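Line by line, the protein sequences are chains P and V. Straight run, no breaks: the first sequence in the numbering used here ends on number 410. Straight run, no breaks: the second sequence in the numbering used here ends on number 410.
Do not rely on the hints blindly, as some may be mistaken.
Note that the list lumps identical chains together, so a pair holds whenever it fits in one copy or between two copies.
Stated by the list, open to error - Using 25 angstroms as the maximum straight-line C-alpha spacing, the simulated SDA-like pairs for lysine to any residue come out as follows:
| id | residue 1 | residue 2 |
| --- | --- | --- |
| 1 | LYS183 | GLU382 |
| 2 | LYS100 | ASN359 |
| 3 | LYS290 | GLY394 |
| 4 | LYS240 | GLU382 |
| 5 | LYS69 | GLU395 |
| 6 | LYS86 | ASP59 |
| 7 | LYS100 | LYS290 |
| 8 | LYS34 | ASN359 |
| 9 | LYS240 | GLU55 |
| 10 | LYS234 | ASP35 |
| 11 | LYS69 | LEU209 |
| 12 | LYS69 | GLY394 |
| 13 | LYS183 | ILE230 |
| 14 | LYS238 | SER133 |
| 15 | LYS240 | VAL409 |
| 16 | LYS69 | SER397 |
| 17 | LYS86 | ILE410 |
| 18 | LYS234 | ILE399 |
| 19 | LYS100 | SER132 |
| 20 | LYS290 | MET1 |
| 21 | LYS34 | GLU395 |
| 22 | LYS238 | LEU331 |
| 23 | LYS34 | PRO390 |
| 24 | LYS240 | ASP59 |
| 25 | LYS328 | ASN6 |
| 26 | LYS290 | GLY336 |
| 27 | LYS183 | GLU56 |
| 28 | LYS234 | GLU344 |
Since the hints were made in silico from the structure, they are not lab data. Small disclaimer: the values here were computed from a predicted structure and weren't measured.
Protein chains: 2
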Amino acid sequence: MLLYGNAVVGQSGGPTAAINATLSGVIRGALSAKDDGIIGTLFGMRNGIEGLLSEELVDLFHIFDTEEKLTTLEATPAAALGSCRKRLKAPSIDADAYEKLFDIFRRYNIRYFFYIGGNDSMDTVLKLSEYSSELDWEMRFIGVPKTIDNDLAATDHTPGFGSAAKFVATTMKEILRDVSVYKIPAVTIVEVMGRDAGWLTASAALPALSGDAPDLIYLPERSFSPEEFIEDIKEIQKTKPAVLVAVSEGIRDENGRYVGEGTDSRAVDAFGHKALSGAGRVLEALVKEKIGCKVRSVELNLPQRCASHIASLTDIGESVMIGGAAVKAALVGSTGVMMTFERENSPEYSVRIATADINGIANEIRRVPEEYINDRGNGITEAGIAYLAPLILGELSPIYENGMPRHIVI
Amino acid sequence: MLLYGNAVVGQSGGPTAAINATLSGVIRGALSAKDDGIIGTLFGMRNGIEGLLSEELVDLFHIFDTEEKLTTLEATPAAALGSCRKRLKAPSIDADAYEKLFDIFRRYNIRYFFYIGGNDSMDTVLKLSEYSSELDWEMRFIGVPKTIDNDLAATDHTPGFGSAAKFVATTMKEILRDVSVYKIPAVTIVEVMGRDAGWLTASAALPALSGDAPDLIYLPERSFSPEEFIEDIKEIQKTKPAVLVAVSEGIRDENGRYVGEGTDSRAVDAFGHKALSGAGRVLEALVKEKIGCKVRSVELNLPQRCASHIASLTDIGESVMIGGAAVKAALVGSTGVMMTFERENSPEYSVRIATADINGIANEIRRVPEEYINDRGNGITEAGIAYLAPLILGELSPIYENGMPRHIVI
């Protein structure tokens with residue numbers, strides 16, 4: 001049953017290299033629906049739901065009026081529309097926000113709502129979709145996942161993860177070259193993002209595909225033992241001088257305490273999540289104390305989520321596709337769903353796009369399964385590498401301007 | 001006057017993305033001299049002068065027997081031969097080392113010595129060249145510069161700098177996208193390598209070419225005032241929420257004390273240089289205290305010197321060229337010289353390769369000149385950007401294998 005009207009799209013949560021590719025996919029999908037006479041205008045909300053509440057809307061068909069602008073958008077990191085960290089409260093607590101939002105939807109004749117984000121954004125989609133079911137204003141709410149953490153439930157992987165993983169894998173390989181030049185014993189500890197799930201840290205193992213593995217990898221899925229860590233390093237130092245370690249920012253000891261806890265002055269984020277930092281620095285001090293050799297910690301930091309110049313073509317292509325598929329799903333009547341990837345059970349990697357009920361997704365975390373982590377808890381298995389490998393394939397090759405990748409700013 | 005015999009090449013000092021490109025240039029140059037019947041074999045010393053002292057030599061003509069291996073070498077970061085931090089003492093202090101080295105030169109019939117490195121390596125070339133002039137074993141000693149710091153005297157710029165600058169410029173541009181997505185006031189401080197000279201930090205200004213400049217840039221060439229820094233940030237916060245700062249690891253206060261001094265447990269390096277870290281962290285704490293907004297520091301760290309995947313084609317091309325030119329210079333009789341770039345005084349960027357007497361280079365530091373820094377000492381002038389801009393042009397486009405750049409390991 002066709003639903004005629006306008007659409008709105010927003011981006012929320014932390015930046016990734018692919019969140020704009022998904023936006024481009026939504027624009028491409030909506031343009032096609034415009035040609036079919038179903039969608040009139042696609043609005044972009046500035047800074048997610050925050051901008052929508054203050055009616056800061058832009059006309060995306062007007063802004064992205066050429067193919068070149070869309071492809072440049074696909075190679076631009078972070079959220080071109082701006083982002084926010086706002087999580088809608090329940091209607092029983094903040095009825096005003098819902099009344100205001102649905103008043104805007106009616107006034108702008110908005111029937112389609114697309115929200116690109118992580119856990120918190122899916123929660124927003126769920127709440128709006130539930131609230132809307134009681135109203136006489138028919139709407140369709142679709143969540144499109146994005147997170148470099150790859151920890152959303154119900155999907156094989158998340159848009160944005162493959163590009164972050166390609167950056168981590170490439171950088172680990174380059175750092176391995178760098179730290180291997182000297183003959184003196186040295187330990188280099190690379191801290192990778194990932195609060196609760198170790199997917200991105202696990203991707204540090206990918207250079208193993210060309211025989212270039214870092215020596216030790218520790219994920220938050222296993223409790224971290226400082227004693228075993230020092231033993232592991234000493235064991236490797238028997239055979240080679242340079243030891244390279246990848247460690248998740250979120251590793252915790254056997255009592256569940258973050259290893260990096262208390263080492264940094266940074267406060268909690270707007271949701272009360274602890275803004276972690278410092279696992280690498282803590283381990284650096286530990287190695288210095290217990291082993292006494294040269295040691296350095298490297299925090300990969302923001303480039304993990306915004307290094308579009310080394311984006312995975314697989315990731316960017318899939319991110320565009322899933323944005324377009326979100327529009328198609330809405331057109332045929334889906335609402336209250338999150339778009340997902342399902343990996344085909346075939347020798348060659350391929351995915352198909354599906355939808356999952358958003359209920360139950362928003363507060364779940366998908367962790368790295370046991371069979372992807374070795375027994376000792378200090379490395380990734382072949383099965384883990386096989387899962388990760390296809391996600392980083394292909395290079396985006398952005399357009400360079402003055403020696404730097406071209407971006408689009410709206 | 002032709003000098004027949006073998007040659008040896010080594011790499012020394014900290015890794016760069018271009019030091020292997022220069023090695024490739026030396027191999028290419030020596031192969032050509034081999035065809036002419038002048039150079040018999042090109043030995044590579046493992047770990048620089050250290051490996052030479054223990055006769056750890058490899059046959060580079062044998063290893064690099066295809067064009068594909070040479071081009072892969074040119075796209076591989078860090079020192080493929082291994083590196084060292086050893087600085088030869090004066091012959092009056094360590095006569096043994098010199099006797100040992102010249103014994104090896106005679107036994108291997110080595111007449112040509114090429115050393116790719118920074119200040120300390122040039123000092124080694126100088127000492128060997130001076131020592132050799134007293135002997136009845138004619139040799140030619142050529143230094144080929146490399147450093148991401150761009151601070152060697154007598155050359156317009158150094159091989160390796162352009163690639164590091166391209167990484168810094170690209171990453172600053174991507175971080176600018178990343179930090180601009182939220183509407184809440186936030187300060188992001190990016191710490192860039194460079195102990196005494198601010199060249200690499202200055203390259204953070206290059207995104208200005210597409211209207212994307214970071215807001216504030218502080219180099220070690222000017223004394224750093226914490227009060228002015230806070231004033232600068234407050235001034236920018238009047239017009240926009242996200243402030244992006246680039247700061248050199250080597251900034252010092254008006255008394256010459258490193259801002260980052262004392263904040264890190266890392267010791268001095270093998271030469272007694274202080275291994276700096278922490279200027280970014282110190283400023284992060286300062287902003288938190290004086291302004292109280294969200295603040296984050298990012299240390300670009302090792303990827304600055306090994307991110308070959310975003311190497312500058314100009315840099316890599318020039319690095320190959322200068323390696324080949326070193327061989328040619330030696331063949332026609334140069335010794336005790338460092339290879340240099342001279343920039344042509346023409347509207348289009350072009351360089352020619354020359355040589356400079358190594359005496360006086362080894363202990364000099366070439367700093368960013370006054371006219372490249374703005375009056376307030378918090379930004380780069382148009383003249384500075386004009387100097388830097390051509391050095392980052394062009395993309396190397398390495399061969400990708402399993403989604404990561406292919407490297408060669410010897």
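Do the hints match the structure? See the list:
In the homo-oligomer, the alpha carbons of LYS183 and GLU382 never lie at most 25 angstroms apart, since the shortest distance is 30 angstroms inside one protomer and 43 angstroms across protomers. Taking identical chains as interchangeable, the C-alpha atoms of LYS100 and ASN359 lie at most 25 angstroms apart only when both belong to the same chain, with a minimum of 24 angstroms there against 75 angstroms between chains. When the C-alpha separation of LYS290 and GLY394 is checked against a cutoff of 25 angstroms, the pair qualifies neither within a copy, at 42 angstroms, nor between copies, at 46 angstroms. In the homo-oligomer, the alpha carbons of LYS240 and GLU382 lie at most 25 angstroms apart inside one protomer (23 angstroms), although the nearest pairing across protomers, at 48 angstroms, exceeds that limit.
In the homo-oligomer, the alpha carbons of LYS69 and GLU395 lie at most 25 angstroms apart both inside one protomer (19 angstroms) and across protomers (22 angstroms), since each shortest distance falls under that limit. Taking the shortest alpha-carbon separations for LYS86 and ASP59, only the intra-copy value of 23 angstroms comes in at or below 25 angstroms, while the best inter-copy value is 62 angstroms. In this assembly of identical chains, LYS100 and LYS290 lie within 25 angstroms of each other by CA distance neither inside one copy nor across copies; the values are 59 angstroms within and 38 angstroms between. In this assembly of identical chains, the alpha carbons of LYS34 and ASN359 never lie at most 25 angstroms apart, being 30 angstroms within a copy and 72 angstroms across copies at closest.
In this assembly of identical chains, LYS240 and GLU55 lie within 25 angstroms of each other by CA distance solely across copies; the values are 20 angstroms between and 60 angstroms within a copy. With identical chains, the CA atoms of LYS234 and ASP35 are never at most 25 angstroms apart, being 65 angstroms at best within one copy and 49 angstroms at best between copies. Taking identical chains as interchangeable, the C-alpha atoms of LYS69 and LEU209 lie at most 25 angstroms apart only when they sit on different chains, with a minimum of 19 angstroms there against 36 angstroms within one chain. Taking the closest pair of Cα atoms, LYS69 and GLY394 come within 25 angstroms of each other both inside a single copy (21 angstroms) and across two copies (22 angstroms).
Proximity of LYS183 to ILE230 under the C-alpha cut-off of 25 angstroms is restricted to the intra-copy arrangement: shortest distance 20 angstroms within a copy versus 43 angstroms between copies. In this assembly of identical chains, LYS238 and SER133 lie within 25 angstroms of each other by CA distance neither inside one copy nor across copies; the values are 65 angstroms within and 43 angstroms between. For a Cα distance limit of 25 angstroms, the shortest separation of LYS240 from VAL409 across copies, 15 angstroms, qualifies, whereas the shortest one inside one copy, 48 angstroms, does not. In the homo-oligomer, the alpha carbons of LYS69 and SER397 lie at most 25 angstroms apart both inside one protomer (15 angstroms) and across protomers (23 angstroms), since each shortest distance falls under that limit.
With identical chains, the CA atoms of LYS86 and ILE410 are at most 25 angstroms apart within one copy only, with a shortest distance of 21 angstroms there and 52 angstroms across copies. For the homomeric pair LYS234 and ILE399, neither the shortest alpha-carbon distance inside one copy (46 angstroms) nor that between copies (35 angstroms) is at most 25 angstroms. Taking the closest pair of Cα atoms, LYS100 and SER132 come within 25 angstroms of each other only inside a single copy of the chain (13 angstroms); across copies the shortest separation is 85 angstroms, beyond that limit. Taking CA atoms no more than 25 angstroms apart as the test, LYS290 paired with MET1 passes in neither setting, with 68 angstroms inside one copy and 59 angstroms between copies.
Taking the shortest Cα distances, LYS34 and GLU395 never come within 25 angstroms of each other, neither inside one copy (31 angstroms) nor across copies (39 angstroms). With identical chains, the CA atoms of LYS238 and LEU331 are never at most 25 angstroms apart, being 62 angstroms at best within one copy and 44 angstroms at best between copies. Taking CA atoms no more than 25 angstroms apart as the test, LYS34 paired with PRO390 passes in neither setting, with 34 angstroms inside one copy and 44 angstroms between copies. Taking the shortest alpha-carbon separations for LYS240 and ASP59, only the inter-copy value of 23 angstroms comes in at or below 25 angstroms, while the best intra-copy value is 59 angstroms.
When the C-alpha separation of LYS328 and ASN6 is checked against a cutoff of 25 angstroms, the pair qualifies only within one copy, where the shortest distance is 14 angstroms, while the shortest distance between copies is 69 angstroms. Within a single copy, LYS290 and GLY336 get their C-alpha atoms no closer than 53 angstroms, and across copies no closer than 45 angstroms, so neither meets the 25 angstroms cut-off. Taking the shortest Cα distances, LYS183 and GLU56 sit within 25 angstroms of each other only across copies (13 angstroms), while inside one copy they are farther apart (58 angstroms). Taking identical chains as interchangeable, the C-alpha atoms of LYS234 and GLU344 are never at most 25 angstroms apart, the minima being 42 angstroms within one chain and 53 angstroms between chains.
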